[in-house]
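Colleague: One letter stands for each residue in the lines below.
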Amino acid sequence: MKEIEGNSQQGDLAIFKWVAAAMVALLIGAIIFATRPAPPPRAPGEPDRLRLLGDFRMTDSTGREVTSAELRDKFLVVNFVFTSCTVSCAQVNQQMAEVQKLVAGRDNVRLVSLTVDPGTDTPPVLAQFGARFGADTNRWLMLTGDKQRIYELIEDSFLRRDANLTVSPMPGGFIGTDRIVVVDRTGRIRRYFDGFSQATPAAILNFLNELNSNS
Amino acid sequence: MTDMRPLLILLAALLVAGCNDHAAPTTATEKAMTNATPRTFEVRGVIREVPAGGQTLVVRHEEIPSYMPKMTMELNVRNTNEVLNLQPDDEITFRLVATDDTHWIENIRRVGRTNSAPAAAPVEAHLVRELKVGDDFPDAELLDEHGKTVHFSELRGQAVAFSFFFTRCPLPDFCPLMNKNLSAARRALLADKSTATNWTFISISFDSEFDTSAMLAGYARSYRGDDPSHWFFASASPSTLASIAPQIDFMFARGEDGGFSHNLRTVVLDAQGRIQHVFNGNKWQAEELAKEMKTATQTKP
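If you read the sequences in order, they're chains A and B. Everything in the first sequence is counted per our numbering, starting at 1 for the first residue and increasing by one. Everything in the second sequence is counted per our numbering, starting at 1 for the first residue and increasing by one.
Because the hints were derived from the structure by calculation, they are not lab data. It cannot be assumed that every hint is accurate.
Which residues of chain B face chain A? A partial, calculated answer using Cβ under 7 Å [said to hold, decoys possible]:
#1 241
#2 245
#3 249
#4 253
#5 254
No residue lacks a Cβ here, since even glycine has one placed at the ideal position from N, Cα and C.
Extracted from the complex, chain B is given alone in its bound form (with noise of 0.2 Å):
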């Protein structure tokens, strides 16, 4: 006899609250399995990989609501002659058909591609482009050790080799070992007499605050000595460094202790401005960078 109106008010509010939790979509999914008639869903993604056989497809799809996040999928493929003319990178659209114990995908559209600009909306571009061997590097301010601007465009004609640091890296074999490796690599090149002189070596400090001009002078001719030929260090300005870390994957962070976390890059540009070499991290030799810069600064236009 009691009413159980207020009851059902609670178990109703308790359902919602269960809904709007995250193991919401659980319980969405499992609807979704334990449903007797196919769910079907109409998605956008971008496509990973084409398999050979034509069987799947790896597709980074977009959120389908109340069944699945975003997320990269090896999704199977009704009609493999569906898949015949796509590549890698194609934008799609298709619907995603669920059934108690299979799925597959059908009606893909290709709508655009991601890599060519200007495309359908992108689903996301996250990463800058890389440069790779043989690009352009572009053209970017530093400042020297003697406080003056130097633009790598003042450059053009001499082979170039640059890597980064920090002067209070503490680690040996780190940012220490890239001057290390620049020092012995210039000193191969100063002996070797076959060499021609259009090369210049760039240490770069990514800590412009820290590492003044002065700083820089000062650190330099610890590995340079008195010679300070065909190698110069510098400073990039945080806007230097936006604009040129991203495209040749150097990464750094400030830390909380005023340190950094950073990698490696050493970068080797030819004669003509492009990118001829990356070595990447610390383990490589000073006989390679030489080697590598001999051949730089031969290039012919």
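Just chain A, same shape as in the assembly (with noise of 0.2 Å):
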């Protein structure tokens, strides 16, 4: 092809391949502009920013102490609750139950669910919560704690938070509380999974099955 461009040709195409990249330039630099600042996220979909799991130090449901560094090296499927909720939380709660009985057998999953109310949420209402949901307390830890450090780790690690705090909302002014999170085993949060879809316990697994291969 080459041997029979003329230089005018060559000339040509030389034009051609600048304006091509300045408009493939362009394009990418409105694709950037449109997508900053990052909507937010949408359910599924994925995080805002670069979320990474904090440490922390929680009581499970058994009364047990909890913390990061046990978890570390785990996928976590994560989702938000308070068991005055009386059908959202059951919804999702649901699909986690179901996500529970998905990925049985496997040892480097833990489900966890974060109370946003851990004033009323201590661990025997945990228990009794987790029981209606056939929670295995060894493979779905439902957590408390200081109420502080768990909306911290929430809104750092998880979920945005409303920024015009006037009251006192539930679920503690964080949105998108009813959204399942998937955690991969470097603590990075990866993707949310809309809560109340009874297609997210099996899109869960298989992106739990996309991350495992490639890790």
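From the two separate chains plus the hints, produce the assembled complex.
Modeller: Given below as structure tokens:
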């Protein structure tokens, strides 16, 4: 091909390449511009920014202390609960219960439910709540503890919080608490799933398989 | 012979795009980890825990640009003497050093305290300080079932127990259970002749829009019968709720269907207007409330 190209043709081609490169650069720029600032994560979706699981020390429904260190090197499937919740939490926990079934026998996966109302959700209250969904306390940890610390963990690691908090909203002013979040084995928050959707447990299982084969 | 510059520009554009993408911090982290020379960062944060032994500090640190987002981490301390006088809630600045395979913090300086105003600019103050047992309950205004304004301060000298509900609350083990408990506790106190008479129960609706005085009066009758003594129903305006709810960890939000998500808090104030006890949730018994009230009537200044 090159042999038959004249000089002028080569010039045209060069101009064409320059123009094409500029257009692609513009397009990429436009995409970056359009996607920043990042829109709020939709379900399912990617995190709004780099989010990593912070260190924590909490208490599970059996009264046992659980630290982030013991969950290092596990895949985590995380949701947010308050036991006074009547309908929506039950639906999301139903999907969590399905996930628990699907990952039975996999020791590198843990389910974690973080309460946003630790004043109400003491270990015995969480134990009763967990039993409703058949939570296996070795694989599905329902965690409670100091409210401020839990809120910091949720905000830093998982969810955005409404900045204009004038009252005391349930559930804690966090946005998108009805999602289920997958954390990889390095502690990086990877993906948010719709906690209401019956397709979510299978989608989470697929995603865990994908992550597992990549790691 | 082909001019490669356009391709280089394209490549550069892609790299820039890659760097702006959310994956970028990982590349930055990876870069830091493969870097032979240690990277150092000057960081600010708040101490969350000082684990025994002084080998580590649990710090909620601010974002470390191009390295790590804001988060709480247990960080290795190089010189354990540096943590000797540090406590949780201390605000600190420090240098984070990250090498290929380890990290530590040094040059730790205490610059303030989050809970003692006015320190240096707090990292963040999200939560209103919640009241504890023994704290004075602030005055607040309610609108009672007769359409009359009532202030908590007018009830000074009385033991007071109040709980939150809304009349449309559908679930028997939530709001209605609170009113049932108040009803049973009232019955017990009225029957106990050794109980003083300086006590009042208040059922407070947080749905003031729907729960008008007339609505509350009708609802009250279903729990109270014909004897209204020692118990009134009221509603709290949004501004009253905005002031008292966060202080007693009462949380609520109107749902899309007009209902509310909320937790349950039942607060006992002693005759001096101080918080004596808070019943959280619905796993408590009317007898416990009656007992708390009896004690609360007897508080001396």
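Colleague: If a hint holds in the structure, say so; if it does not, say that too.
Modeller: Evaluation of the provided hints:
no. : hint : verdict
1   : 241  : 6 Å, holds
2   : 245  : 4 Å, holds
3   : 249  : 5 Å, holds
4   : 253  : 5 Å, holds
5   : 254  : 9 Å, violated
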